[in-house]
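Peer 1: Below are the chains, spelled out letter by letter.
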Amino acid sequence: MKIKPLLYFLKAGNELTKILRIMRLITIMMIIGIFQVNASVYSQNEVFSFKESGLTMRGVFKTIERTSKFKFFFNDDLTNVDKRVEVANNLKINQVLDAVLAGTDLSYKILENNLVIISPLVLLQQKKITGVITDAITGQPLIGVSVKVQGTTKATVSDVNGKYIIDVSDPKAVLVYTYLGYETRVIAIDNNTKIDVALSQASKTLDEVVIVGVQRQTKRTTVSAISTVTSKEIENMPSPSVDALLQGHVAGLNVQITSGEPGIAPTVVVRGNSKVSTGINQSAVAQSRALSGPLYVIDGVPVNPDDINSNIDVTGTNYLAGININDIETVDVQKDASATAAWGSRGANGVIYIKTKKGKSPTPEFRINAYTGFVQRPELLKTLTGQAERAKKLDILNTYGSAAQRAGIPQMLSDSLNPSYNNATDWQGLFYRPAIVQNYDATISGAADNYNYRVSGNYYDEQGIIKSFGYKRISLRGNFDFKISSKLNSQLIISTSHGDRQRGMKYNNSDANTPVSSASMPSSFYKLNGADSLLFLGLSSQLRNSNINDTYNASLRLNYDILPSLKYSVLGSANISTSNRDYFQPSSSSDASDSRAAGKSSFAESDKGTYSTYYIENNLNYIKSFESAKHIHNLVLTASQQFSRDISNSNSVWGYNVPSNDIHVVSGIAQADLGGNSAYAASGLLSLLGQAAYDFDKKYMLSLTYRGDASSRFGSNNKWGYFPSAGAGWVVSDEKFMKKINKVVNFMKLRASYGESGTNSSDFYAPYNSYTYGGYYNGEASMQPNYTNGLTKNNLTWSKTLQKNIGVDLQLFNSKVTLSVDAYDRLTKDDFYAFDLPFFTGFDQINFNAKDLWVSNKGYEVTLSASIFPTTNKFQWNMQFVLAHNKNLIAKLPNNNRSFVVYDASGVCRLYSVGQPVYEMFQMHYKGVYNQTSEIPFDPLTGKRLTYFKGNHTVVAGDPILEDVNKDGDVWEQEDNGDQYGDRIPTGDPNPKFTGGFTNNFSYKNFSLSIISVFTYKRAVYNTYFQQQISNIVGGYSSSINTFAQGRLPDLSNVNYWTPQKAADPKYQAGFPSINPYGSSYYQYIPITDMFVTDGSYFKVKTISFGYRFNDGFCKKIHVARANVYAMIDNVLTLKNSSLPNPELVDELGVYTGGMYATPTKFTLGIDITF
Amino acid sequence: MKKNINLKNSNIILILLLGIVAFGTSCKKYINEAPISQTYSSIFWTSETAVKESTLAMYVQLRNSLRSDNSHFIFGDLTTGLFHCSNDCDWELNAVKSSNNPPYNFSYVPYKEGTLQNWSRFYKLIAQSNLILENVPLMSTSLFSSVNAKNSYLGEALFMRAYTYFYVSRVWGDPVYVSKTYNDVDYGNIPGIARTPQAKVLTYCISDLKKAATYLNYANGDHTQSIRANRGTVYSLMAHIYAWEKKYDSAHIYCQKVINEGGYSLEPMSSYTNIWAGQMSNESIFELPMMSNNVTGTSETSYDFFATFLKDNLVDSKKNHAWIIPVGGFTDWVFSDHSDARFTSLLQPVNAANNDEKGYLLLKYANFKYQTPATKTNAYINNNLVLLRLSDIILLDAEALASTGDVEGARKQLKLTEDRAGITSYLNPANQYDMLDEVVAERGRELVGEGCWYYDLIRTESRQSWLEYGSGYPHERLSDANQGYFWPLDMSTLFPQDNLLTQNPWWTAHK
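The listed protein sequences correspond, in order, to chains A and B.
In terms of my numbering, the first sequence opens at residue 145 and continues consecutively.
In terms of my numbering, the second sequence opens at residue 391 and continues consecutively.
Any given hint might turn out to be false.
[What the hints assert, rightly or not] The calculated lysine to aspartate or glutamate pairs, modelled on DMTMM-like cross-linking and capped at a C-alpha distance of 25 angstroms, are:
#	chain 1	residue 1	chain 2	residue 2
1	B	Lys502	A	Glu1119
2	A	Lys316	A	Asp980
3	B	Lys419	A	Asp907
4	A	Lys1036	B	Asp576
5	A	Lys1036	B	Glu747
6	B	Lys442	A	Asp450
7	A	Lys499	A	Glu533
8	A	Lys863	B	Asp727
9	B	Lys759	A	Glu924
[What the hints assert, rightly or not] From chain B, some residues computed to sit far from chain A (all C-beta separations above 12 angstroms):
#	residue
10	Thr593
11	Asn774
12	Glu851
In short, the hints are calculated from the structure, not lab data.
Small disclaimer: the values here were computed from a predicted structure and weren't measured.
C-beta: ideal position from N, C-alpha, C; glycine also.
Extracted from the complex, chain A is given alone in its bound form:
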């Protein structure tokens, strides 16, 4: 390998010397140019005579040199100089030269210091071409348009006013104008010196570059399923992180904003969930990792937020919140195996490629962008307060209670004059507030031939609509590109951010946002005292709960052209992310008089974590076009070697009984109350990647990828994993037979791909078993295997995803309409799974690849965009419609497909069974209400009426109709006769069947309007909130009339619950079973029936943004280059099919608890000025 390039350079010697000579000439010209100022003027009117005839050109020059002070400069290699010429006598110098050089490709230039340069025409006839580049429709200048002389490296970009200047020497030169999002134009200069260009917007250009793996491909030739979101679609949206903004823009990317809490991550799933977690019974919602998340690649550097969160997650803040949205240029979502296999053991769940902005303006540009706005206090969940609540409660008691029972109505209800019980407080109101959101960006950028830069600073501050919540970010980013030589250039990116999240009393990410959960809030006329009042009236403000995340990232890429067709690049990066939490909870000893407050000791904790990723990548690219008589073959071969090392370091100290409530740190705590630990984990991943892309006339495409990953997270017997993929594409519209319908179908490409990608273990030391302290024996320590991780796992390996994809890309009616349709089939195997081990092994569990755990996701995706009006129209309307359908199911299960159930943290049973979706709810089926006793079925043989709860409850009128699936005369979730699953059936799939978005952009002259809507269709949601409230009335687990009196009433306004009085009418049809507080509870309202399963479909108008751009004239007056103002409304409106306040505010498993942080409506007003 070392010898070949050397040989090449020896061979290429001749060409090199030529280049060197030209360079030398240019240098001399420059030196001369510098000296010319001092030279004396010599007469150009002197005439020359030549005695000899038949002189060569060189002879003529020598003669002149002899007889005058003129000196000639020319290159010896010029063949023409030895040509014989005829020259008349008595001619001035310029007449002589004109005559001599006539008919050659040479030209001359007489410099003021009597030097005469003879050189080829091209070098001397440099022309300055100037012009203004504008938008074809709006006429607005376009900044940063790349202008390039075709076939050369000469290029420039347009300035703030759209102006450009470029030197051209060849009169036949052709200029190429390219701009992201616009059609490229190619214009011949034709002796013009001023060329104004109008570029028209392209809805989807085929020449856009996408990066697949480490290879640059164009939209035209790629065979992968990739969706791009550009900065225009997301900029200035009032959200701290970009993931939430991708919602509705990308088909097949299901983003659910499950919480409105600033700084928290939404759920992001590409093409359906492939994870099957059996650990869903833990309550920490955001940490349940119940869904499969994608890999993010930020400016070429892979980042897995899941890894960071699971290792140093002390603050629970979204990693992506550290990136300023306005720094992002494009987001590519790569979905099929052809793209994701290039990321090997990390690509299985999709790859999201984020590219940040670079400097473009040739004149340095300073830009200020600021918006601010208010966040509306959300609507409180409906309830009755004060007199209305008392009346309603008494009504319920009077409806159901006997005279004797009514005699025991709690004093709280009967004694309305008691000052302790005559309040009318909706306690929710104490926690919510209107808030402010503000964002400031300052950017300096510029671009020249040899460098470009962009430095941006950002401050984002969003107050929470719940008190003591909020997120603040300060970030700084610099992108610097340097062109060191024609062969060597570099890109340097440095960024840092500081995030400060306030999260009330919350210690972990959970839905306990308010100090008292929505379902367990007390009655409105209750007077609070002691610890309760502390909770309501500001314990959260006495807490210290500081959550700081800092990131420091730097990456440097060097690109070197070894040969014109062979390019080498190296990328090195370091990403450091720190997460610090300081928590202090005061003791409530000041309230010791109240028994409820007693025993709450103060608590302080401090946790620090650092997660560092070091990444290095070496790429070798071979790019070659082979031209045959009629065809062009393009070949790109890429070899890449990558290595990344992740190190996580964390420590934590905590203590109870801090000596004073004024000390908010871990200090002065007695030894016995003090705890602490530290942790270290590191992992390494070495990868080799080969990519080949070939196309034939850009009509037939083939792409192959092969990657090998060696991971420290694989077992010792399986250090390497291999991930192949293949894809093919066919631009059908380039075929002759399509020419006829070219007007309608101007572009059509068929794509197909197949490949394997993987998921690495989230546990750094997954292959290692562990031994732990087993307790003391007579004062001596013992060690035993960890019973959930004690067996060796030398064969542990990655989890595989096999994916097939077919797709079609269409551009219709002169690209006014573009349509992409993809169909896919993803099968995930060998996922990491917590096997329950048989008792006789002595071990409880092991996390290992489940060969027999298959999850299938099949679906299709449609992206349709259209420009409704011709580009010449002043009024423009662009729309995009995105739809994805996914069918998720378990295809195979361990232990011979044995089904099993797991109860989630809310008590909803989930079925794991072949053919059922992951996390399918499994409950008894509710079919309505037995209005009359006569409707209740009985056993014809025994005459026994239907019973519930293993015979413990004989059904009466007003009871729910629960389906007797096993027809045994009793309905319950499991039976005493060994029927483990009793009368349960699958009752709800929490995986959305359809998701998508509908975006409309309008523009008229200087005005623009954008409306972004998203939707989710067909999804089951379990309403735990309403269930718990009803359960509190009837007594879910413990029935007490006092708890009913003390509790908050649910919104019963639309609930037609059964009462004996209503049922007196034989035609009465109840809408809901009896809610008799005196009735016997047989657990009918706990989450074992599908009574509270509702439709989670919604259509949300997510954002409306309105913009106005000031005219140039106005801008000039106020001395700015450009100015825009804009206004936005975020979370405008949600249309839904259920009584849920917001069907999106449900956890990963589709449970609505009422405690989820509401997504508030935000109104912002902003201004964007460029100086």
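With the hints as your guide, set chain B onto chain A.
Peer 2: Leaving out everything else, chain B in the frame of chain A:
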């Protein structure tokens, strides 16, 4: 100049190549990154300390298993009917009494299925001994202080495995026998294992114990060795296994070895409670430490386990929920002689109160203390649990002798314990039946509240029928075919893990 440029290019290439090669080799280290926050198999089994710590873990697990839900006392004492617990104390155990219909319904122990009907915890201990037996032989002897040291760890592991299988056999009947570890198997497809007949399992245990005996020495009167296995422990267990199998000849041989060679002696009545005072008595053969250790500052106590026998002034401020030996009936049958020193000093009369019956509290484990006496908080009971002791072996020998027809030999052995207690009922029995009855009764008096008398009753049931006539078990349940004295297995939990598992005969038909 031309040359220079070429050199420059080649240099860059060279540097890059060098970089890639150097970089490639340094990666190797990182893709084998091992944890520093935990220890794991391949580095763990490399020192004697690790082996010792693993060995101690077996005892810790045995202690945990026995203490779990007080199962040791439920299995060995509550089931005899000698103790009663009130309705609101351990209501989960309401069905485990003679007054229940059906009596002693082992299949209905709500919320305690996980311990009383599930043997999983004992398999952790078996896995631990298998792990030691598999790894220690692979370790170089040079890692140990001596060959004997290495062998003694193997001896302890063999003993603990045998002890556990024997325990499981006496509670649930036929065990699932496993003598290997499950490292690196196909974890998703571990084939089920059927139950192995008890007789076969016990043969394995005997052969394990014979081997263990060669690895271990007698304690020779060293009290401190009673907390771990030694040759005396091994022979005591062998005697018990043989007796359980009704191989009384062999049982007698090993009883004799323990009595004559073990170096144990009976604790005088004056210091009788030293037996449970923690490595204090030369009578103790095998005991589990459950004390607070002042030297190391560690505590291995468990309040609930022993406090189940105590209340009132004896322990904390507990007012009820104590297991009472009721007055009359079965109790009088066993403690017929109220002059018995054990009756007078170890049983404290208590009146009916707070739903508890009138009767006696057992004072074997009554060394009650507070960790913080000033505030009377963190209560604990500072006693050890004795699993094997000399009087147990002497009485077992008596049973063996009586069973083989040597009534006089049995009388001699009974004399030892009864004389100490100041009673003489050993003088009365004339025939084999009466002598065996006397042995069973004396075992009851001597070993009450030590979690073992129920097994004596099972063992002697075919001849003496104490379970039927004393405790009140239905006759048909106690037949050899029905084996209704064993506990049922929680099949809804265990069967999905092992689909070759079968329920005990009585409980397949009686739920």
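Peer 1: Hinted pair, alpha-carbon criterion (25 angstroms max): Lys1036 of chain A, Glu747 of chain B. Please report holds or violated.
Peer 2: This hinted pair is violated, its Cα atoms lying about 57 angstroms apart.
Peer 1: Straight-line Cα separation of Lys759 of chain B and Glu924 of chain A no greater than 25 angstroms?
Peer 2: 22 angstroms, holds
Peer 1: Straight-line Cα separation of Lys1036 of chain A and Asp576 of chain B no greater than 25 angstroms?
Peer 2: Holds. Lys1036 of chain A to Asp576 of chain B sits at ~16 angstroms (cutoff 25 angstroms).
Peer 1: Sort out whether Asp450 of chain A lies within 25 angstroms of Lys442 of chain B, counting only the CA atoms.
Peer 2: At roughly 40 angstroms apart (the allowed maximum being 25 angstroms), Asp450 of chain A and Lys442 of chain B break the hint.
Peer 1: Would Glu851 of chain B pass as off the interface with chain A, using Cβ distances and a cut of 12 angstroms?
Peer 2: Since the minimum Cβ distance to chain A is about 29 angstroms, Glu851 of chain B lies beyond 12 angstroms and the statement holds.
Peer 1: Between Lys419 of chain B and Asp907 of chain A, is the straight-line Cα distance small enough, at 25 angstroms or below?
Peer 2: 19 angstroms, holds
Peer 1: Straight-line Cα separation of Lys499 of chain A and Glu533 of chain A no greater than 25 angstroms?
Peer 2: Distance ~55 angstroms between Lys499 of chain A and Glu533 of chain A Cα, so the pair is violated.
Peer 1: Does the claim that Asn774 of chain B lies outside the interface with chain A hold up, using a Cβ gap greater than 12 angstroms?
Peer 2: 9 angstroms, violated
Peer 1: Below or equal to 25 angstroms on CA atoms is what counts here, so check Lys502 of chain B against Glu1119 of chain A.
Peer 2: 19 angstroms, holds
Peer 1: Since Thr593 of chain B was said not to touch the interface, does its Cβ keep a gap of more than 12 angstroms from each Cβ of chain A?
Peer 2: Fine: 19 angstroms to the nearest Cβ keeps Thr593 of chain B off the interface.
Peer 1: Under the criterion that the straight-line Cα-Cα distance not exceed 25 angstroms, is the pair Lys316 of chain A, Asp980 of chain A satisfied?
Peer 2: Violated: Lys316 of chain A and Asp980 of chain A sit about 76 angstroms apart, past 25 angstroms.
Peer 1: Please work out if Lys863 of chain A and Asp727 of chain B have their alpha carbons no farther apart than 25 angstroms.
Peer 2: It is violated: about 74 angstroms lies between the C-alpha atoms, which goes past 25 angstroms.
Violated hints, listed in ascending order, are 2, 5, 6, 7, 8, 11; each of the other numbered hints is respected by the structure.
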